[in-house]
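Residue numbers (the numbering used here), protein chains in the order written: chain A, 1 to 83; chain B, 1 to 379.
By construction, these hints were calculated from the structure, which means they are not laboratory data.
C-beta: ideal position from N, C-alpha, C; glycine also.
There may be inaccurate statements among the hints.
[As the list claims (entries may be wrong)] Partial list, derived from the structure: chain A residues whose beta carbon lies under 8 Å from chain B: (1) ILE5; (2) ILE44; (3) TYR49; (4) LEU51; (5) SER52; (6) LEU54; (7) THR62; (8) LEU65; (9) ALA69.
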Amino acid sequence: MCLAIPARVIELTGGDGARVDFGGVRREISLALVDDVSVGDYVIVHVGYALSRLDAEEAERTLALFAEAGIDVVGTGADGAVP
Amino acid sequence: MKYVDEFRDGALARKLAAAIRAEVAPDRRYAFMEFCGGHTHAISRYGVTDLLPPNVRMIHGPGCPVCVLPIGRIDMAIRLGLESGATIVSYGDCLRVPASGGLSLLKAKARGADIRMIYSAADALALAQKLPSRQVVFFAIGFETTTPPTALVIRQAQALGLGNFSVLCNHVLTPSAIISILESPDVRELGTVPLDGFIGPAHVSTVIGSRPYAFFAEEYRKPVVIAGFEPLDVMQAVRMLVRQVNQRRAEVENEFTRAVTEDGNLKAQALVAEVFELRRSFEWRGLGHVPYSALKIRRAFADFDAEVRFGLDYVAVADNKACECGAILRGVRKPTDCRIFGTVCTPENPMGSCMVSSEGACAAHYNFGRFRDVPVVAA
Ligand code: SF4
């Protein structure tokens, strides 16, 4: 039911409308449920409506947490030593 | 693609898997329910289960909107389409769900009903404007993500004074379904569904925020981690849940901070509150009647309520006897426990709702996981 991937806003088409790009697939969606979205922003779209905007800084932070996984493994080790 | 590729990175996935392996207590079993069908799909598609240690088990929850819709609700739309001649529009997956008498909305179309597929609520409204001489009924389903668009078009229809548009509302609420699972005998008394925590839905949480889950953490002592839909998001969430269990914490944590805030989407929430109110009770497939678990259209918008306009009544109908969807939605059974899984029941010819949408547990297992459990026999 939902294309669960983020879309990049490429054009504001007037009213609440916008054209977005889902990694190559372009669609008309509605921005009626979100405020202050501009061209270049990434949004989460569900059944043709943007539900929220993606926060670039938070995304970086989450990726940094993933990257820590490698370090943790070394830290805890198989012998169960606590870092 | 930004926000996608980096959250699907295979090398990082293996690192996260190693981190999870290092953190689980070898003598303990962990069982986590992913509530949302989008997570079920991601877990099956990317083989996340194969990356997890054997003592971490993922249980599918009742978060696929098409799956939880009971037969009786689809029958209402089919009857309306066949008997009153109204045009029924809905999202694609809804049209294929098996209903009474061997019918589905699609099969009703073959019998002459005017049934059409739409991509968004706006399409439903636009169709009503295009066909002023026909009654257009939007068969609206879904959790908190699809409800705000439905609210929006009802309000627009009122503003436009459209006399030929109405909504058959089946919108349901995530927190009520989680409570129903936690209160079920399987979890509370029988222990047939061990549950150590939940992966909180991604899109639903963008709308309702992380706050509504605090109740589960406090009242039921179950950790909740809200996660995005990419495989690394799910793995990180599992890692956070394992950590909470190990440290005997039960908190709401948010892995999906790039899209989910504590408050959620206030604009969408206000719109939903304006147009909808709670139903006293609603029947779910698998969960039965769940109090205050669904929405109905407020009186102020009664002109756009198909149940009022056409005097529709809900008649409960038992599921197909062979189908285990009900038990699967409660987390009690797995798709492969069903005798007709993959033989009689396939995505091309679904017997139950869980085989219809790609978010359904049976369809996800059929499409991505069904060969994993098949033993390899030497010729
Ligand atoms: S395989 Fe088909 S019949 Fe069996 S539980 Fe799944 S959807 Fe129902």
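Hint check:
{"no.": "1", "hint": "ILE5", "in the structure": "holds (6 Å)"}
{"no.": "2", "hint": "ILE44", "in the structure": "holds (5 Å)"}
{"no.": "3", "hint": "TYR49", "in the structure": "holds (5 Å)"}
{"no.": "4", "hint": "LEU51", "in the structure": "holds (5 Å)"}
{"no.": "5", "hint": "SER52", "in the structure": "holds (4 Å)"}
{"no.": "6", "hint": "LEU54", "in the structure": "holds (5 Å)"}
{"no.": "7", "hint": "THR62", "in the structure": "holds (6 Å)"}
{"no.": "8", "hint": "LEU65", "in the structure": "holds (7 Å)"}
{"no.": "9", "hint": "ALA69", "in the structure": "holds (4 Å)"}
Of the hints listed earlier, there is not a single one the structure fails to meet.
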